[in-house]
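Trainee: Single-letter residue listing:
There are 2 protein chains.
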Amino acid sequence: MRPQMSRRKFILAASSVWSALNAGVRNCFAKTGAENSTPLPSRSPSQSESSGPTKPKVLVFDVNQTMLDLNALRPQFARVFGDGKLLDEWFSLLLHYSLVVTVADAYADFGTVGRAVLEMLASTKGVKLSSEDATKILQGVLIMPAHPDVPESLKRLRAAGFRMVTLTNSGPPAVKAQLQNAGLTQYFDESISVDSVRRFKPDLEVYRSAAVHLGAQPAELLLIAAHPWDVFGAMKAGWQAAFLARNGITPFPMGPKPTINCPDMKTFADAILK
Amino acid sequence: MRPQMSRRKFILAASSVWSALNAGVRNCFAKTGAENSTPLPSRSPSQSESSGPTKPKVLVFDVNQTMLDLNALRPQFARVFGDGKLLDEWFSLLLHYSLVVTVADAYADFGTVGRAVLEMLASTKGVKLSSEDATKILQGVLIMPAHPDVPESLKRLRAAGFRMVTLTNSGPPAVKAQLQNAGLTQYFDESISVDSVRRFKPDLEVYRSAAVHLGAQPAELLLIAAHPWDVFGAMKAGWQAAFLARNGITPFPMGPKPTINCPDMKTFADAILK
Numbered sequence: 001m002r003p004q005m006s007r008r009k010f011i012l013a014a015s016s017v018w019s020a021l022n023a024g025v026r027n028c029f030a031k032t033g034a035e036n037s038t039p040l041p042s043r044s045p046s047q048s049e050s051s052g053p054t055k056p057k058v059l060v061f062d063v064n065q066t067m068l069d070l071n072a073l074r075p076q077f078a079r080v081f082g083d084g085k086l087l088d089e090w091f092s093l094l095l096h097y098s099l100v101v102t103v104a105d106a107y108a109d110f111g112t113v114g115r116a117v118l119e120m121l122a123s124t125k126g127v128k129l130s131s132e133d134a135t136k137i138l139q140g141v142l143i144m145p146a147h148p149d150v151p152e153s154l155k156r157l158r159a160a161g162f163r164m165v166t167l168t169n170s171g172p173p174a175v176k177a178q179l180q181n182a183g184l185t186q187y188f189d190e191s192i193s194v195d196s197v198r199r200f201k202p203d204l205e206v207y208r209s210a211a212v213h214l215g216a217q218p219a220e221l222l223l224i225a226a227h228p229w230d231v232f233g234a235m236k237a238g239w240q241a242a243f244l245a246r247n248g249i250t251p252f253p254m255g256p257k258p259t260i261n262c263p264d265m266k267t268f269a270d271a272i273l274k
Numbered sequence: 001m002r003p004q005m006s007r008r009k010f011i012l013a014a015s016s017v018w019s020a021l022n023a024g025v026r027n028c029f030a031k032t033g034a035e036n037s038t039p040l041p042s043r044s045p046s047q048s049e050s051s052g053p054t055k056p057k058v059l060v061f062d063v064n065q066t067m068l069d070l071n072a073l074r075p076q077f078a079r080v081f082g083d084g085k086l087l088d089e090w091f092s093l094l095l096h097y098s099l100v101v102t103v104a105d106a107y108a109d110f111g112t113v114g115r116a117v118l119e120m121l122a123s124t125k126g127v128k129l130s131s132e133d134a135t136k137i138l139q140g141v142l143i144m145p146a147h148p149d150v151p152e153s154l155k156r157l158r159a160a161g162f163r164m165v166t167l168t169n170s171g172p173p174a175v176k177a178q179l180q181n182a183g184l185t186q187y188f189d190e191s192i193s194v195d196s197v198r199r200f201k202p203d204l205e206v207y208r209s210a211a212v213h214l215g216a217q218p219a220e221l222l223l224i225a226a227h228p229w230d231v232f233g234a235m236k237a238g239w240q241a242a243f244l245a246r247n248g249i250t251p252f253p254m255g256p257k258p259t260i261n262c263p264d265m266k267t268f269a270d271a272i273l274k
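For the record, the sequence lines run as chains R and X.
The first sequence runs 1 to 274 under this note's numbering.
The second sequence runs 1 to 274 under this note's numbering.
Hints listed in this document are in silico derivations from the structure and should not be mistaken for laboratory results.
Check the hints yourself; a few may be wrong.
Copies of the same chain are indistinguishable here, so a pair counts whether it falls within one copy or spans any two.
Unchecked claim - No more than 30 angstroms apart at the CA atoms, straight line, and that leaves these computed lysine-lysine pairs for DSS-like:
| # | residue 1 | residue 2 |
| --- | --- | --- |
| 1 | K128 | K85 |
| 2 | K85 | K125 |
| 3 | K125 | K55 |
| 4 | K136 | K176 |
| 5 | K85 | K136 |
Since we're looking at a predicted model, the values are computed, not measured.
Same shape as in the complex, but just chain R (with noise of 0.2 angstroms):
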């Protein structure tokens, strides 16, 4: 499914992360050690490699939130709930309900939990939930746009060669309407889902596995998530990683720090493709 990528291409690109991480980019901040994190000076000299990260082989990108748009969710939360702020409660109960089955061996795809907990808040705030509402709510997760500064950002990390994948807690046919929805499709070259494993990220089965089938070493991939928890897993399997703190969120503390930690896609792949 691959499109041809010539292996000269690949290694350039690859070899400009790194020295423009060395280099210096503005927003974003790399890791250059194990365990610290520091601002990328302006006008620094060249460090070695072996003291910095690893070149990746492929960028993973999480999907919803990191590319698509949950905002796009808020109208009909307001017009069912009365308030479009528990679309962020929503949210939350589905991160950790879908934990909550992982941990209980009781694994169903991750749409089937979000009704479940869509039904558990509506009777919960005492709010008549339909199933049409239900399936409109649900439906909606199909079709969220990608954040304005994703689009582009791909195509210009496309365009530089890198083998590109998505990893997502979406189920298989989930993410491929998401992906053509939100116009994204071409710029990958496959979706992984936790649907194989039946565990949702961020088991560690759930990363463990997307290296095996992507038949690299866990630290020559590259996850890009705007998720705290995602991050923290994909570490602690191995990988480097980059968090997008959109909304001014930040990473997990209990976490190594994260390999990049940019605002958003576009200074993610300006600070990638210097």
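Take the given structure of chain R and dock chain X to it, following the hints.
Mentor: This is chain X only, laid out in the frame that chain R set:
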């Protein structure tokens, strides 16, 4: 550690539970079949015990929210974050990230995870959180009062001869302090913590390990909890479970119906002891 209890007294107590559930108790619902939950009729003929739940050997109580009132922390959140509602956001994050560290094989005790998500919440909200404020909030968890319906209910259950233990995500020193400060220590034979298995509820390993420790078959144990996910996990592990629907919360729709569904500890005790 367990006080002497006559065998006869225990059998009497245990028998009264299930005749009560079969006879019907106001405000409570009991599961009568494998997957059905029906309101108990006010005067139904007794059912054969083989069609209903089996007698529990041990009552296993969750601690935070189920017995202790988390709302005691709200003034601290109002002071530090300028909004008492952040308490709910913090506790949701704590529950989520306790499972994040579980599936990422990175267990740390509940207090450590609680501090990490508190720091993350503060930096995401752009709130300056001093070390003293963080410590004050986390120490507040150790001195939460019991819900008003709890002490008398535990006293009645204890007087009826039940073997009673706690099973909590809090670490061993924390739960010891919590029960002592809330004046509940004397009602329990012992406290079981997730600390020995280094995975948080509702990981099935927690319930399995507790059953082995208690020398009981899963179906002989009854969890009492005000958390949908806790009831879900216990029942997936083969336990019985009483769901306390505090603040109008409802069970997780993907799980089997709780063995008993009551609004609070008093109505639970009424049902068990009728």
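Trainee: Against this structure, judge whether each hint is valid.
Mentor: Quick rundown of the hints versus the structure:
1. K128 <-> K85: both (17 angstroms within a copy, 24 angstroms between copies)
2. K85 <-> K125: both (13 angstroms within a copy, 15 angstroms between copies)
3. K125 <-> K55: neither (49 angstroms within a copy, 34 angstroms between copies)
4. K136 <-> K176: within (18 angstroms within a copy, 47 angstroms between copies)
5. K85 <-> K136: both (17 angstroms within a copy, 29 angstroms between copies)
This entry does not satisfy hint 3, going by the numbered hints stated previously; all others are met.
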